[in-house]
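Fit chain D to the supplied structure of chain W, relying on the hints for placement.
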Amino acid sequence: MGLVSRGAAAAGVGAASAVVRPGPPHAVPHPIPTPPPEGAALGSSRVPGMVLKAFFPTCCASADSGLLVGRWVPEQSSAVVLAVVHFPFIPLQVKELLAQVHQAGRVGLAVLGTWCHRRQEAEESLGHFLEGLGTIFSHEPWLQLCREQGSKLWSCKATRRQVPPCPGTPYEDQVMLVFYDQRKVLLSQLHPPAALPDCLAGDAAPSAGGLAAVFDTVARSEALFRSDRFDDGPVRLSHWQSDGVEASILAELAKRASGPVCVLLACLLSLVSAASACRLFKLWPLSFVWSKLSVCEQLRHRLEQLTLVFSTQKAENPTQLMRKANVLVSVLLDVALGLALLSWLRGKDRIGPLAEALVPVADHVAEELQHLLQWLMGAPAGLKMNRALDQVLGRFFLYHLHLWISYIHLMSPFIERILWHVGLSACLGLTVALSILSDIIALLTFHIYCFYVYGARLYCLKICGLSSLWRLFRGKKWNVLRQRVDSCSYDLDQLFIGTLLFTILVFLLPTTALYYLVFTLLRLLVVAVQGLMHLLVDLINSLPLYSLGLRLCRPYRLAAGVKFRVLEHEAGRPLRLLMQINPLPYGRVVHTYRLPSCGCHPTHPWGSLCRKLFFGELIYPWRQRGDKQA
Amino acid sequence: MEDERSFSDICGGRLALQRRYYSPSCREFCLSCPRLSLRSLTAVTCTVWLAAYGLFTLCENSMILSAAIFITLLGLLGYLHFVKIDQETLLIIDSLGIQMTSSYASGKESTTFIEMGKVKDVVINEAIYMQKVIYYLCILLKDPMEPHGISQVVPVFQSAKPRLDCLIEVYRSCQEILAHQKATSASP
Chain W
1 MGLVSRGAAA AGVGAASAVV RPGPPHAVPH PIPTPPPEGA ALGSSRVPGM
51 VLKAFFPTCC ASADSGLLVG RWVPEQSSAV VLAVVHFPFI PLQVKELLAQ
101 VHQAGRVGLA VLGTWCHRRQ EAEESLGHFL EGLGTIFSHE PWLQLCREQG
151 SKLWSCKATR RQVPPCPGTP YEDQVMLVFY DQRKVLLSQL HPPAALPDCL
201 AGDAAPSAGG LAAVFDTVAR SEALFRSDRF DDGPVRLSHW QSDGVEASIL
251 AELAKRASGP VCVLLACLLS LVSAASACRL FKLWPLSFVW SKLSVCEQLR
301 HRLEQLTLVF STQKAENPTQ LMRKANVLVS VLLDVALGLA LLSWLRGKDR
351 IGPLAEALVP VADHVAEELQ HLLQWLMGAP AGLKMNRALD QVLGRFFLYH
401 LHLWISYIHL MSPFIERILW HVGLSACLGL TVALSILSDI IALLTFHIYC
451 FYVYGARLYC LKICGLSSLW RLFRGKKWNV LRQRVDSCSY DLDQLFIGTL
501 LFTILVFLLP TTALYYLVFT LLRLLVVAVQ GLMHLLVDLI NSLPLYSLGL
551 RLCRPYRLAA GVKFRVLEHE AGRPLRLLMQ INPLPYGRVV HTYRLPSCGC
601 HPTHPWGSLC RKLFFGELIY PWRQRGDKQA
Chain D
1 MEDERSFSDI CGGRLALQRR YYSPSCREFC LSCPRLSLRS LTAVTCTVWL
51 AAYGLFTLCE NSMILSAAIF ITLLGLLGYL HFVKIDQETL LIIDSLGIQM
101 TSSYASGKES TTFIEMGKVK DVVINEAIYM QKVIYYLCIL LKDPMEPHGI
151 SQVVPVFQSA KPRLDCLIEV YRSCQEILAH QKATSASP
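Residue numbers (our numbering), protein chains in the order written: chain W, 1 to 630; chain D, 1 to 188.
Read the hints as simulated data drawn from the structure, not as lab findings. Here a beta-carbon is modelled for each residue, glycine too, at the ideal position from N, C-alpha and C. Please note that the accuracy of each hint is not assured.
What the hints assert, rightly or not - DSS-like mimics (lysine-lysine), calculated; alpha carbons at most 27 Å apart, straight line:
#1 W:K563 <-> D:K132
#2 W:K563 <-> D:K120
#3 D:K118 <-> W:K184
#4 W:K476 <-> W:K612
#5 W:K324 <-> W:K255
Stated by the list, open to error - Coverage of chain D stretches by chain W, computed from C-beta distances (three or more under 8 Å per stretch; other residues unrestricted):
#6 25-32
#7 62-76
Excised from the complex, chain W in its bound form (with noise of 0.2 Å):
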């Protein structure tokens, strides 16, 4: 057997079926020479060697003797070691494997070098036989990493065979072992800080990052961890895995039962969408309605985000994954939150008492606004306002109240009805029940919104009305062609009438203010009560609860970078690092991953939304799907 590797190696080429064993021991001088003391006096013509990383799994730390196998990034000149290669194996089958790897995941593997695992005192020549192999499998730089059976004690070398392109550069490297756990690193994903312009985007990840390399790496070696010890394949490795692959019962079977169930509803999906999409709804009147009402754009966003999530297409990257995930735990937890309210309301029979309450609590809102009223058309905070227009004023909002009062009481009968049917549509998610809710407060205080609207073109009117008129008192006009304020003689007839008019709007002003701000801050109280029912669902809708659940118990998936421990250091032995995965911040998490929501929400700044305030312009608190076609 010692023949049989003494032979080949002398040859220089591996022999194609000779099987590489290791030889029978013999007393040799210590094979691996103690590396170069620190900081020894070097030849003054010798330039300092580059430290070598050598990426070490660290679930092969207590593995058998044998070959190291990995990728070699000589940018940063750091060797990846995947796995060891035990013997007995025959290298060309080794080779066929690593060729495999690289066809399934375009990743250059190679061989390393030799590991060294000491059980007895005996096996010293175990180390000049690894040597030898250094001839069958040429590599720059061959790496020799040995361990004491027990002990933390580790001493590596890196020795280069070819002349260095430079003369004065050392033939061996010092090397810096850096432990990493394969298991968490193939799982992770990276996150990186910065977001990398379009044109950097497109560059393959290795190039970019020593780290992000390592990473890379492994997650593309994945075909190499598919054999653990107990088949029996030509090559015997040593990986994270080869105790045992890894397998849930549950994730195969959801993965079989997925097909079929995602096929059947996304053709029920598609079934619902083009029932929406009909011609019926386009018509006019309804068409209006339906852009108008917040539970339509809630249900279009929902039958969206399911369309998403049970398309038979499979996810292309990571983050198509992640947010098909965050949806399905999105609408789950929505549609449970929803089942929870609908049981808690129909337990203690609460929607007969709810409906006898709402009419009573709708005619208490028309008397506080009938008091209201009347109010201002007395001397409201000792304001003396101009009779005439205060009474008509008073009296048409009057009436108008009156004819809404009316309206609410011949719906009375049908209220309890329609609340069940609204209690129904909880079942469909909380965010649902929470849209109909803001609905049916839009229409149960749909009189202030007219009040308002009449009062506010009211002001508005009467707003232009003084501006033009300020200016014919000054003796200009507006010049719509050059967008400017130009001087202009007038008539004195014109300027007559015009200070009269100017005069009158000056002391109507008031009354019409007054009556301006209060149905203002009623239309606005409205809106705020509106805003923060719409603010709730946008949470339930955006937060993404699937990443959150993952970074709270998994959190190595999710890495926003790494960290490194010095582990126990002799003098004149290696360095020894451990690699640990730093976990993306709970904030980052919500910012990469945040849902887009269906957009209602205020877009207004608060220096645009004063100043419509004050000329008297409409305020439309959101902007809905509808608005932004138009």
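Using the frame of chain W, we list chain D on its own:
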């Protein structure tokens, strides 16, 4: 090789700097901040409870007292977990990068690692902090777009805030390693 020296921070508190030289290419600096003093803790607790007792005598509602106890406990836990930093460590490894760790009083550790390829230089900067002018050590990061530009300045030892003498020690060691790194990366 390990040694410990004591310095002072910008407010005059005592700091302990522990230096560990693992190898010529790997050094660690550990700054320990002064611990939470019993005096300030007692003062804050007494203030909060006196205020709560004052409110209680006004409102005659015993919920205020229990609320004050809860607030004090939660506030202390939150302070220890999110605010009070016990130790700040700087680990510099040639050809890998620079790592900064802050360990909080509750045991939580927050780590940032910057790869050596992104580090342009380590410098001592001056800054105006409230009414003082202080020195702080910071890491300059390279700009991927511009070869001579700086994309970010990362300050180190932000909560310990040591004085210039301590900073000079750390600065010298970092510069030795960075010089070595530049020499080896320049050679083929």
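Against the 27 Å threshold, does the CA-CA distance of K563 (chain W) and K132 (chain D) hold or violate the hint? violated, 34 Å
Below or equal to 27 Å on CA atoms is what counts here, so check K324 (chain W) against K255 (chain W). Status holds; Cα separation ~15 Å.
Would the pair K563 (chain W) and K120 (chain D) pass a check requiring their Cα atoms to be no farther apart than 27 Å? With Cα atoms ~20 Å apart, K563 (chain W) and K120 (chain D) stay inside 27 Å; holds.
Given that the region 25-32 of chain D was listed as covered by chain W, double-check it with a C-beta distance under 8 Å for 3 or more residues. holds (count 3)
Would the hint linking K476 (chain W) and K612 (chain W) be met if the CA-CA limit is 27 Å? holds, 25 Å
Under 8 Å between beta-carbons, do enough residues of the region 62-76 of chain D, three at least, approach chain W for the coverage claim to hold? violated (count 0)
Can you confirm whether the C-alpha distance between K118 (chain D) and K184 (chain W) stays at or below 27 Å? At roughly 25 Å apart (the allowed maximum being 27 Å), K184 (chain W) and K118 (chain D) satisfy the hint.
Checked against the numbered hints above, the structure breaks hints 1 and 7 and satisfies the rest.
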